[in-house]
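Visitor: The residues making up each chain are set out below.
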Amino acid sequence: MQIMTAQKSSKLAAASLKRRTAQSNLKRDKYLYLLALPGILFFLVFKYVPMWGVLIAFQDYSPYDGLLGSQWVGFTHFIAFFSSEQFPILFRNTLMISLYNLVFFFPMPILLALLLNEGRNVLFKKVIQSIVYLPHFLSWVIIAGISYLLLSQTSGIVNQVLVSFGMHKIDFLTNSHLFWWLLTGQSMWKDAGWGTIIFLASIAGVDPALYEAAKMDGAGRMRQAWHVTLPAIRSVIVILLILRLGQVLEVGFEQIYLMMNGAVSQVADVFDTYVYRNGIQNGQFSFSTAVGLFKSIVGLLLVIIANRIAKQFGEEGVY
Amino acid sequence: MTKKLLSFALLTPTILALTACGSQPASSGQQSAPTEISIMTEFSTPDAPGPDNPVLKEFEKRTNTILNINWISPNNFQDKLNAILASGQLPDLTKSNKLNNPQFQKMIQQGAFWDLTPFIKDYPNLAAYPQSVWDNTKINGKNYVIPSVRPLDGASYFAIRKDWLDALHLPIPQTMDDLYNDLFAFTHNPDGSLKPDVIGYNMRDMTSANAVPTVQDIYNASNGKWKLQNGKLIDTDLQPATRDALLWLNKAYNNGLIPKDFAVFKPTQAEDLAKSNKVGMSQDTVEGIWRSTDGASKIDPKADFLPLVSLTGPNGVFAPRTPGYNAVYAIPKTVPLDKLKKILSLMDYGASDEGFTLACFGLQGPDYTVGSDGFKIVTDQAVKDNISQSSFGKIFERYDKYLWAYHTGMPKTVFDRNKTIVDAREKVSIPDPTDGLYSDTYTKQGSEYDKQISDMKIQVIMGKATMNDWDNLVKKLQADPQYMKIADELNQAYQQRAGK
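From first to last, the protein sequence lines stand for chains A and B. Quick note: the first sequence uses my numbering, first residue 645, plus one each step. Quick note: the second sequence uses my numbering, first residue 131, plus one each step.
Just so you know, these hints were derived from the structure itself, not from any lab. Quick reminder that beta carbons are idealized off the backbone N, C-alpha and C, glycines included. Among the hints, erroneous ones may be present.
[Claimed, not checked] A partial selection of chain B residues facing chain A, derived with a Cβ cut-off under 7 Å:
{"hint": "1", "residue": "D209"}
{"hint": "2", "residue": "N212"}
{"hint": "3", "residue": "G218"}
{"hint": "4", "residue": "A242"}
{"hint": "5", "residue": "S577"}
{"hint": "6", "residue": "M592"}
Turn these sequences into a full structure, and let the hints steer you where they fit.
Guide: Quick look at the structure:
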């Protein structure tokens, strides 16, 4: 009995000590916390509070009845989605577009950064850098417009050139075999330059002594890039890859929505466009929330798995 | 500096009666406090009318109201509407651009809006809308909405270059074979009497999402997917006539009568081709096709798109009839009865000669003058104030049969020809029998099916899928109980409405 009370009181003491230190910490760092407050509030108000909205995925939500009045239906929407014949098509398209992006688009900024890094003339380097950044600031609407102007069969410049060389016109915009390439190409054109920023920054942080040592050992420029620069930015590459994996099911809605047409829709329809049609246009809020929730959970799982793997290979990971 | 925008006096006899002071509506006599009414609507003028717009002020004065109008661009009206419906904070007068908007329908079913059926007869100008329009906008046999009334004839349909037909000594097409031959002649004229890079038909009817091709309509003699046959609604997509229509289009595509990448066209792109004098046949309303004629005639002064009255397919003569309304307005139940009556009398005033003229043209003097020929001349001030059929005319409507025969800038000869086309169409035009009918399955799944069917049609036309693929899709749909349920539900809804 006595022992137990003693234990209890020591526990209480420890707890009150903790509380006291927490309080004193709060007191001591009050200005730091004050600084962080707007950020915390932002996340609370705009990120965490709206998250309750995902509950409508398990309801038959009707705005008229509201969140509290709508009927709960459990996993009905999820079951309906997974068993619909659209699901495998959407899943395939989303994965394939992501895969093309990962394989062909992801290495581009690294390659570009390495090339830029080798540039001798500083002015030349800066000018090229600025030029390759620029397309990032164009909206997808403009890029889609440019693509139409270049690639259409009625008046597209590329096809007119092809014809003038005696070749056949190519149906770039309406060919389901070319569509994924078209998307990847657009992404590269738009964002490859912008993607170099992080890599260039981390390359700038490489210790020059390493290069000198490599030179002493007789390494040429190729060898230096391979054995010094690349390993130095490896952890950045891994982190970006992990983050990218988390977005495997997030393929740019705008881009695909703008480029989609009846002739290619069987390879173009992805989760995002499906959610847009059903949720926004058809008003099936619950159903499309369920689809969106599924997408987010897959993304979260992928990030966790990729992070584990990265850690096992001795990398730092994102958390 | 009055830019002379000619506007036709839609209601010629009443113009003289309309003087600056106008007649006084009953409400302004009693000195009660003005009723505040919030309205959500769209505009397609360059800018939305501001809160101190003179027409708005005049409406408020004449009807003893304060109008808070939320003007929304048509480009994102649908999304905004769904957001407003989802929020539950409905304006006193809520516009839906489609009666069949799923969310809107659902809320009507749930009783979120007033049933206006018992009230309409008390408002003579609203009651004067054609009965078919009131009938078509009924839901479960009741009028929950005030339709934005439109003419019944003058709907979007084929319009062909009359001057090119004349140049090639071809008659105006009557059948689909005639039409094919005409388009073929436009694109394959060996003597070079036309431009070399002519497009037969710009497929403007296929530029909106999940559109039913007009050729399919002609082959089935049906206005849209559903056809009324022996008192039952049948799905034309499953009919052999639609198959034949796809064969016609595929043949046209293969022979270069249709642009190779029509599938990526937006309506404006298809129209721009017509405006640039490159297209033999386009599709638009009797009024709207004037834009294409006007554009093309800047390059070729003889350019003339003739809206066809009708074409004859294997199932008979076809010309489309419009639903007779464009959008609909509903009043939420949160509005008390007194205010409901106030809103209805505001709409009734807007449907009067006087109110409609005020909405579309503003005030005589500062906003327009009347020429001796009966045309109204709109002043710069009216243009600057965004006074137009495309702003206030989207709230306040009056029925006029020839509204869609006239377009600003149109010469009287074209207007007169259009009137005869409207009169001729009136005798043969076919309405969409499912207009305003509600099917729960269609509301939830319909657009996905529509997309699937429409995508397959596009691919078959382009030769990217075969007729076999089409037949398989038809078989699959026939075997799909959920899809077939749509027809059952629509038929049920149709019988229910017809029974009343």
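Visitor: Each of the hints needs a verdict: does it hold here or not?
Guide: These are the hints, each one checked on the structure:
no. : hint : result
1   : D209 : holds (6 Å)
2   : N212 : holds (6 Å)
3   : G218 : holds (5 Å)
4   : A242 : holds (5 Å)
5   : S577 : holds (6 Å)
6   : M592 : holds (6 Å)
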